[in-house]
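Here's the letter readout for the chains.
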Amino acid sequence: GESVGLHLPTLSVQEGDNSIINCAYSNSASDYFIWYKQESGKGPQFIIDIRSNMDKRQGQRVTVLLNKTVKHLSLQIAATQPGDSAVYFCAERGPAGYALNFGKGTSLLVTP
Amino acid sequence: GAGVSQSPRYKVAKRGQDVALRCDPISGHVSLFWYQQALGQGPEFLTYFQNEAQLDKSGLPSDRFFAERPEGSVSTLKIQRTQQEDSAVYLCASSLFGGAHMNTEAFFGQGTRLTVV
Numbered sequence: 008g009e010s011v012g013l014h015l016p017t018l019s020v021q022e023g024d025n026s027i028i029n030c031a032y033s034n035s036a037s038d039y040f041i042w043y044k045q046e047s048g049k050g051p052q053f054i055i056d057i058r059s060n061m062d063k064r065q066g067q068r069v070t071v072l073l074n075k076t077v078k079h080l081s082l083q084i085a086a087t088q089p090g091d092s093a094v095y096f097c098a099e100r101g102p103a104g105y106a107l108n109f110g111k112g113t114s115l116l117v118t119p
Numbered sequence: 031g032a033g034v035s036q037s038p039r040y041k042v043a044k045r046g047q048d049v050a051l052r053c054d055p056i057s058g059h060v061s062l063f064w065y066q067q068a069l070g071q072g073p074e075f076l077t078y079f080q081n082e083a084q085l086d087k088s089g090l091p092s093d094r095f096f097a098e099r100p101e102g103s104v105s106t107l108k109i110q111r112t113q114q115e116d117s118a119v120y121l122c123a124s125s126l127f128g129g130a131h132m133n134t135e136a137f138f139g140q141g142t143r144l145t146v147v
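Keeping their order, the protein sequence lines are chains F and Z. With the numbering used here as the guide, the letters of the first sequence map in order to residues 8 to 119. With the numbering used here as the guide, the letters of the second sequence map in order to residues 31 to 147.
Where hints are given, some of them may not hold.
[Said to hold, decoys possible] Straight-line C-alpha distance at most 25 Å; calculated BS3-like pairs for lysine-lysine:
1) Lys111/F <-> Lys75/F
2) Lys49/F <-> Lys108/Z
3) Lys78/F <-> Lys111/F
4) Lys108/Z <-> Lys87/Z
5) Lys87/Z <-> Lys63/F
6) Lys108/Z <-> Lys44/Z
7) Lys44/Z <-> Lys111/F
8) Lys78/F <-> Lys63/F
9) Lys63/F <-> Lys111/F
[Said to hold, decoys possible] Over 10 Å on every C-beta distance to chain F, these chain Z residues come out as not near it, computed from the model:
10) Ala32
11) Lys44
12) Gly46
13) Ile56
14) Ala83
15) Leu90
16) Ser92
17) Asp93
18) Arg111
19) Gln114
20) Val147
Read the hints as simulated data drawn from the structure, not as lab findings. The C-beta atom is built at its ideal place from N, Cα and C for all residues, glycine as well.
Given the sequences, and given the hints that come with them, work out the whole structure.
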């Protein structure tokens with residue numbers, strides 16, 4: 008079936024560097040995408056979202072890029088900090104229109 | 031409260047025991063979701079409520095799983111005759127609006143970690 012997945016399971020970056028986390032999706036009908044951050048022992052925390060009629064959206068230190076041609080989503084984190092260490096999930100709105108379909112996640116480790 | 035609250039935080043059940051997991055969504059939120067998260071995996075959708083109506087229960091893995099939200103606020107996820115494969119973190123989320131294709135943020139609780147021994 009159609010699914011959302013991530014290219015890299017783990018990512019290690021140095022403090023201050025920029026991080027890029029990638030996600031591929033296969034459902035061309037997906038119209039809404041969200042990035043979540045999950046720290047150990049906590050629930051997913053909303054970072055940023057983007058609709059399918061947009062290519063780019065910026066937040067505070069984060070940017071989400073959407074390439075509908077190749078069905079690819081990325082999360083860019085500028086000046087990565089130790090507090091950014093967590094597992095990051097992309098999620099797409101499922102066919103029903105309200106349930107979120109999550110990928111497996113990428114673990115981001117920020118080293119000093 | 032300020033966020034989504036789930037209780038208990040941790041639950042250990044003997045195989046075959048029934049369990050009930052509680053979710054207190056953010057006050058006034060129309061939509062409520064339950065997700066199951068296995069270790070090292072992303073959350074998997076279980077069921078969705080819009081107010082008290084359960085509009086989608088397609089993700090419930092078996093008829094041992096039952097969810098309710100009788101007054102459109104607090105929700106309970108019940109698992110009967112628990113099995114070891116039920117061990118996971120159960121996450122509850124709520125969002126302000128309801129209906130399909132509403133781009134509203136879903137706020138997650140900290141989850142209940144269920145361990146079946």
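Mind checking the alpha carbons of Lys49/F and Lys108/Z for me, to see if they're no more than 25 Å apart?
holds, 21 Å
Are Lys78/F and Lys111/F close enough, with their CA atoms no more than 25 Å apart?
Since the Cα atoms of Lys78/F and Lys111/F sit roughly 17 Å apart, the hinted pair holds (cutoff 25 Å).
Would the non-interface assignment of Leu90/Z survive a Cβ cutoff of 10 Å against chain F?
About 12 Å separates Leu90/Z from the closest Cβ of chain F, which puts it past 10 Å; holds.
Once the closest CB in chain F is found, is it more than 10 Å from Ser92/Z?
holds, 18 Å
Can we confirm that no CB of chain F comes within 10 Å of the CB of Ala32/Z?
holds, 14 Å
Hinted pair Lys111/F and Lys75/F, Cα distance within 25 Å:
Given pair Lys111/F, Lys75/F holds - Cα atoms ~20 Å apart, limit 25 Å.
Please settle this one: Ala83/Z was flagged as non-interface, so is its CB more than 10 Å from every CB on chain F?
holds, 12 Å
Once the closest CB in chain F is found, is it more than 10 Å from Val147/Z?
holds, 20 Å
Please check whether the beta-carbon of Gln114/Z is more than 10 Å away from every beta-carbon in chain F.
holds, 22 Å
For the pair supplied as a hint, Lys87/Z and Lys63/F, confirm whether the alpha-carbon distance does not exceed 25 Å.
violated, 33 Å
Could you grab the alpha-carbon distance between Lys78/F and Lys63/F and see if it respects the 25 Å cut-off?
holds, 14 Å
Would Gly46/Z pass as off the interface with chain F, using Cβ distances and a cut of 10 Å?
Non-interface label stands for Gly46/Z: nearest chain F Cβ at 28 Å, farther than 10 Å.
Checked against the numbered hints given earlier, the structure breaks hints 5, 7 and satisfies all the rest.
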